[in-house]
Amino acid sequence: MQESQSGARGAALAAGTEGVPSRDARPDETLSGLTAPTVLSPRDQQELLSCVNTARSEGLALVVTGGGTAMDAANPPRALDLLLSTRGLGGRVDARPNDMVVTIGAGATLTELNRALAASGQRLPLDPPLAGQATLGGLVAADTTCSSSAGFGCFRDMVLGLNAIDGSGRELTVGGQVVKNVAGYDLVRLLAGSKGSLAIITQLTLRTFPRPVAALTLQYRLADTAAAVAARASLLDSELSPVMMDLLQDGGKDSSGSSPDNDHERPLLLLRIEGGNSELDYQQARLRELLGCAPFARSDNPPDHHDTLHQDWLLRLRAISMPGQALAFADRVATLVKAGGSYQLLTHLCSGETVIGLEPRPPVAAGQAPTSGRSPGEMAALLAELRQAAFDYKARVVVEQAPAELYELVDCWHGRPAGLGLMRQLKKRFDPVGILSPGRLAGGL
Amino acid sequence: MSNPPLDAGLVTRLRRMLGEEGLLTGEAALRVYECDGYTLEKARPSLVLLPATTQEMSRSVELLHKAGIAFVPRGAGTGVSGGCLPADIPVMIGTSRMQRIRRVDIDNRRVEVEAGVVNLDVTRLVESDGLHYAPDPSSQAACTIGGNVAENSGGPHTLKYGVTVNHLLGLELVLPDGEVLQLSREAGSGGFDLAGVVTGSEGTLGIITSATLALVKTPQAVATMLAVFPGVLEASRAVSAIIAAGLVPAALEMMDALVIEAVEAAYGFGFPADAGAVLIIELDGLAAALDEQCVQVTEACNEQGASEIRRADDPRERALLWKSRKRAFGAMGRLSPSYCTQDGVVPRSALPQIVERIGEIGRRYKLRIANIMHAGDGNIHPLLLYDENDPEEVARVLDAGRDILLACLELGGSVTGEHGIGIEKTELMPASFGPATLAAMADLREVFNPRALCNPHKILPSDRHCVEVTRPRPRGGG
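So the sequence lines, in the order shown, correspond to chains A and B. All the letters of the first sequence, read from the start, carry residue numbers 1 to 445 under the numbering used here. All the letters of the second sequence, read from the start, carry residue numbers 446 to 923 under the numbering used here.
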């Protein structure tokens, strides 16, 4: 029965989306532990609309995917018939450097955008993990926090306007093409961060910024967390505004660990500063005064710590707290996780978010047997413990990536958002049949 | 226009709850509430409620909701699109008694203040800590935070710092049925950004009773420059040249000859008498950077034919320059008995085109139009001068204003950059958005405000509009 139903659905899907490139999902193309039978890759708005309309009339549940970098950062959908890739919706880049605005297809990656903007001296200055893979539509839909959010805010702050198709097949054009605009309800706010559960973003108009004359990444080894707290305070009180203020902490490795750096368990402060040459000189001199030491590493390039944290760990959590409490909570997290093996904590000092990497991914080519690690049940118990501890810090802990089995045991979201009743009604209006990522968000949204 | 009297029993219950201070009736007391800064149309509410707490607000709204009576929220009444005009709305609910500072949290760079706190007072609270609240509308000495959030207010410094929504961390909202929600914009909630959606919704999704605002660092150094040009076209081109040089000034403002004349008469800053247009250019950041940037600005302005460039290094001179700009609207009274401020946006590179179009429209309608612009944002504020005793002239003002906004749309812009749609521009919404998008907006409003009791007839075109409101008529006297 089950099979014949899905067979009939498959046929209806094929008929309704004829001409839209379609293929079977790859084994690694999973989301929150599930695999979709089919991946459709519409190449334009019309093809996307036919996919949405078919899904609507056949009651097929779909999840939108861009670069696939945040597919695990939500609960598994209640049903999954179809993965809808927006990667084909790249298209022409319309950069207007004199207006500091760009319009681009949602399927383009951030790296592609910045490459296109480079000639005109502009850029989109946010630095999410895996920028070469993540699509702009996905980054806006996920409203991914970045290291450089310290200087530039979030993706939602970059969006001036967008085109989208909602779950009822409406083609929406919201916001505008100009940097200031308060005409009508700001549906950009509703869709940014809604993780593809109300509408599928097809095109974006984004703010851009001039490239700085120079930029530097500076790394400092701090003695301990207390030193990090002091460094944060003196940076905040100073006249300086680094565009990145991250603290990276490694721990839990046994003493014979592989790291050649004896200092690896001491917190690493990563700052990125920008400006003209005289500004950079001034900032470096002031940082030496404020932090009482020179950086042990200095580079023109932005760091890749966010990427490696994304790739090297099987279980990735995110703790969200007030910025002033973030390091204290990160310390508590370290205490709770260190007995179970190695871990890495990345705290964005301005936003107060800490990304927690647990369960190192075993090296692919190594001859040694993989370390046992925590069982899914132990991971669930640890998450519960972390959430219990979070209560004292008014923090929350959400799951961003986990082994498939864990999704059956835990809720990725920590609690329910205020206004859930209104959100459910909005979901009904924008996606009446419930085809877009049903149940992926908090409270079964 | 007036509203029918209310049920006496309901008024008694409201008075018992809110006290004499919290409930206003009678013509004399209500006159001040009959319009905001958009004075082309007026309507007096039957009753004004001034709750002092969220609980009073919630219970007032609940009572009105149960009785099926429409109400309109009001902050300081400094809006300029008729957003709080009580047209066909019997009850007005003001936030002026909700003035508590709930939390000043320097470590987390935020404050939580009630809706009736004045914008400028937020900065005063924290300036000794080297912080400020960035959005600074021209009315910042009077306008209140609740209204700022409801309108998503801007100001001259939005070019670098963004508008209200970019500084909003959360808010407390009384829904149109009286329920109170605490909405946060923190990451990882697993829901939708309702606080973001409420921002700029012009009091149609509920009443904002408090807001949590992000504070930004007060820059180490500020350089304010004045550049004088033969005309607005040259000044507009200089704006593009400054942006093209890779600079992001904190503010980039333009005033044309008519505005300069009025401002000079009022404040005596010392603008040259023959100036065709001036740019106020403010750079901020680290002192080490500013000298070099000032040189770049000077070069860009010189290339576009600036006749004079002055740097206002003395804080008093800087303050006077900003006073001239921020109070320019007030000074216009010297030139004309009345004026209508329009608010449109074009891509900043299209400023020369819109300036020409405004000139043409002024000639076609035989009107004097002065121009103040947040030029760096492409946000124009043409001031259409008229005499409100001349009904025929008032009609031309309305038509010219509409033509200017349609020209903004043609150039790829918007019919409002910071003043809102209110009641003034609802008929321009179909020119701005397609039917599907308007339907989605209507869906959003119905979810929050299903009985359309909270500030009806605003933002979206409505067939229930009375004729007087969509086509305001001139008022005699005044």
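No wet-lab data here; the hints were simulated from the structure. In this text, a Cβ means the ideal position worked out from N, Cα and C, and glycines have one as well. Keep in mind that a hint or two might mislead.
[To be verified] Which bits of chain B does chain A cover? Going by a derived footprint, with three or more residues having C-beta under 8 Å, they are:
# : segment
1 : 473–485
2 : 632–641
3 : 679–690
4 : 706–716
5 : 859–867
6 : 877–891
Numbers of unmet hints, in rising order: When the structure is compared with the hints, numbers 1 and 4 turn out to be violated.
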